[in-house]
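> In case you want the letters, here they are:
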Amino acid sequence: MYGEGQAICLGNDVDTDRIIAGRYLRTRDRALWAAHVFEDLDPTLAARLKGTVLMAGKNMGCGSSREQAVIALKEAGVVAVIAPSFARIFYRNAINIGLPVIECPVACREGAMVRFNLAEGWVEVDGSQCHSTPLSPKMLAILKAGGLVPYWREHR
Amino acid sequence: MPTLSEQVLGAPAGSYVDVPVDRAMAHDGTGVLAHQAFCEMGCPGIRRPECTYLIFDHIAPANTSTTAGLQRELRQFAREQGITFCDIGSGICHQVLAEGIVRPGEVVVGADSHTCTLGAFGAFATGVGATDMAAIWASGTTWFRVPETIGIRFIGQLRGAAEAKDAALDYVRALGMDGGNYRALEFVGEGIASIPMAGRLTLCNMAVETGAKAGLCRADRETLKYLAAFGIHAKEQVPESPHYVKEIPLDLSSLVPLVATGHRVDHVQKVAALAGQPLDQVFVGTCTNGRYEDLLRFARIVKGKQVKVRTLVVPASRKVLERISAEGILTELVRAGCVIGPPGCGPCLGAHMGVLGEGETCLSTANRNFTNRMGIGGDILLSSVATAAVSALAGELTVPEVPHVR
Chain P
1 MYGEGQAICL
11 GNDVDTDRII
21 AGRYLRTRDR
31 ALWAAHVFED
41 LDPTLAARLK
51 GTVLMAGKNM
61 GCGSSREQAV
71 IALKEAGVVA
81 VIAPSFARIF
91 YRNAINIGLP
101 VIECPVACRE
111 GAMVRFNLAE
121 GWVEVDGSQC
131 HSTPLSPKML
141 AILKAGGLVP
151 YWREHR
Chain L
1 MPTLSEQVLG
11 APAGSYVDVP
21 VDRAMAHDGT
31 GVLAHQAFCE
41 MGCPGIRRPE
51 CTYLIFDHIA
61 PANTSTTAGL
71 QRELRQFARE
81 QGITFCDIGS
91 GICHQVLAEG
101 IVRPGEVVVG
111 ADSHTCTLGA
121 FGAFATGVGA
131 TDMAAIWASG
141 TTWFRVPETI
151 GIRFIGQLRG
161 AAEAKDAALD
171 YVRALGMDGG
181 NYRALEFVGE
191 GIASIPMAGR
201 LTLCNMAVET
211 GAKAGLCRAD
221 RETLKYLAAF
231 GIHAKEQVPE
241 SPHYVKEIPL
251 DLSSLVPLVA
261 TGHRVDHVQK
271 VAALAGQPLD
281 QVFVGTCTNG
291 RYEDLLRFAR
301 IVKGKQVKVR
311 TLVVPASRKV
321 LERISAEGIL
331 TELVRAGCVI
341 GPPGCGPCLG
351 AHMGVLGEGE
361 TCLSTANRNF
371 TNRMGIGGDI
381 LLSSVATAAV
391 SALAGELTVP
401 EVPHVR
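Line by line, the protein sequences give chains P and L. Per the working numbering, residue 1 is the first one in the first sequence, and the count goes up by one each step. Per the working numbering, residue 1 is the first one in the second sequence, and the count goes up by one each step.
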């Protein structure tokens with residue numbers, strides 16, 4: 001469960017309306033969500049997300065239960081989301097679609113190289129390491145399987 | 001002593017539990033992805049169709065052919081699976097489940113963040129995403145980490161024009177947008193006994209605005225009386241003195257009308273501090289404040305007068321619409337110049353009707369005022385029904401003075 005990418009910093013309380021707006025929800029077109037991700041926060045972000053690690057402030061992903069928010073991030077190429085705290089539905093949704101989410105109170109520097117290991121529970125930013133909150137065995141297993149759908153197919 | 005959440009989930013805070021789901025709900029918004037995930041899981045059928053509800057409320061009726069096509073597929077799926085299907089016009093999913101379906105002590109899971117509304121019955125009710133819902137359809141169960149609980153202790157009783165909505169805005173202010181993260185809220189104290197079910201549903205509805213997993217009220221005589229009207233005979237949940245990780249006292253008797261501004265639900269001020277702010281639209285409805293009691297209160301204030309700003313009234317359910325129609329309230333609203341929408345979420349999430357234009361301000365009785373939610377460049381103020389009513393008449397944000405009309 002190792003990953004790495006360049007950091008993009010986000011503020012506190014980024015809500016799911018700002019990750020993907022309500023006006024884009026009525027479709028199954030994942031590419032459309034990726035194209036409009038963060039449109040109401042910073043319209044230049046969507047094109048810059050591939051291979052990055054989002055380092056958000058507290059309460060990342062608050063608001064609506066829309067799973068399109070985490071799908072949009074994954075589809076746009078985000079490797080993982082790190083934040084000191086998450087809104088619980090966003091957190092659970094991310095695990096369910098196989099997008100690593102890491103609870104860790106680490107400071108962000110735009111463009112820094114970020115490495116992480118979910119199973120071992122650490123995050124490293126510019127070479128300095130800190131512990132992340134461990135996932136429950138079930139959450140880790142779902143993430144390892146690539147999400148709840150593949151996990152379900154393996155375990156039923 | 002266990003908290004209500006611990007009681008319902010049958011384990012102490014901090015433990016992980018797998019529990020059967022008594023009511024599983026999805027709507028036209030989240031149902032599409034849940035259906036897709038369910039098909040990808042390769043499941044033959046929904047495990048407990050008798051506990052499964054699909055309710056069309058978010059874009060009801062459909063606004064584009066894409067939406068209509070997705071809804072058509074979901075309708076077909078619901079019929080094949082033999083689940084309870086409520087088509088457009090039935091109402092908002094949380095309100096439909098509050099009309100004689102959810103009972104005290106149940107585990108209620110909805111693919112919608114405001115599922116916490118149903119904690120008003122002493123149920124453990126929480127929101128999940130679409131893939132979680134697909135797994136619930138497949139297995140009839142789900143997993144939770146049993147949350148710690150914050151006690152919100154209401155002292156005294158509501159007075160003057162203050163409503164349960166003002167109490168909700170007040171506790172969101174006190175906790176902040178993440179003050180309830182990973183936790184449950186329990187509404188307790190002498191004050192809660194005096195708040196009828198409509199107000200309790202409003203209180204529990206906004207629990208998620210603090211990040212809370214659930215918001216619960218213990219089933220008492222008031223709950224039983226409400227359920228009995230639907231032919232349901234439930235038992236009171238015995239009052240206990242559980243261990244709360246934190247307790248927040250809030251004095252209802254000194255509460256005044258409040259408003260949330262600045263794109264944050266926890267950015268709450270007295271209406272008096274912002275009185276006179278011009279409005280472009282007033283919206284009354286939603287799972288927060290679209291119930292019969294809300295529309296009655298609104299109508300009592302606007303009756304015989306004319307609104308000065310475009311005003312949308314959207315009943316939370318067909319039952320609400322039926323009742324306001326039968327009692328002549330609907331006519332009063334129409335005569336006062338209000339526009340009536342079909343039962344459902346209406347303009348709350350800016351997905352179809354009632355969208356704001358750039359630079360416009362809407363005073364809404366909903367629960368979220370996030371940036372651009374009701375339209376790009378639009379601003380949303382959140383308030384009580386009484387504040388919305390007097391402001392609609394004045395065309396600007398106005399302090400309600402409505403003694404003892406609740």
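Honestly, the hints are just simulated from the structure, not real lab data. Yeah, the Cβ is synthetic: ideal placement off N, Cα and C, and Gly gets one too. Misleading hints may appear alongside valid ones.
Sample of chain L residues with no beta-carbon within 10 Å of chain P, all distances over it, derived [stated by the list, open to error]:
hint	residue
1	Gln36
2	Glu40
3	Gly42
4	Asp178
5	Ala234
6	Pro278
7	Glu396
Using 16 Å as the maximum straight-line C-alpha spacing, the simulated EDC-like pairs for lysine to aspartate or glutamate come out as follows [to be verified]:
hint	chain 1	residue 1	chain 2	residue 2
8	P	Lys50	P	Glu110
9	P	Lys144	P	Glu110
10	L	Lys308	L	Glu396
11	L	Lys225	L	Glu99
12	P	Lys138	L	Asp18
13	P	Lys58	L	Asp266
> For each hint, tell me whether it holds in the structure or not.
How the hints compare with the structure:
| no. | hint | in the structure |
| --- | --- | --- |
| 1 | Gln36 | 7 Å, violated |
| 2 | Glu40 | 5 Å, violated |
| 3 | Gly42 | 6 Å, violated |
| 4 | Asp178 | 4 Å, violated |
| 5 | Ala234 | 28 Å, holds |
| 6 | Pro278 | 24 Å, holds |
| 7 | Glu396 | 26 Å, holds |
| 8 | Lys50(P) / Glu110(P) | 15 Å, holds |
| 9 | Lys144(P) / Glu110(P) | 28 Å, violated |
| 10 | Lys308(L) / Glu396(L) | 9 Å, holds |
| 11 | Lys225(L) / Glu99(L) | 13 Å, holds |
| 12 | Lys138(P) / Asp18(L) | 11 Å, holds |
| 13 | Lys58(P) / Asp266(L) | 15 Å, holds |
Checked against the numbered hints above, the structure breaks hints 1, 2, 3, 4 and 9 and satisfies the rest.
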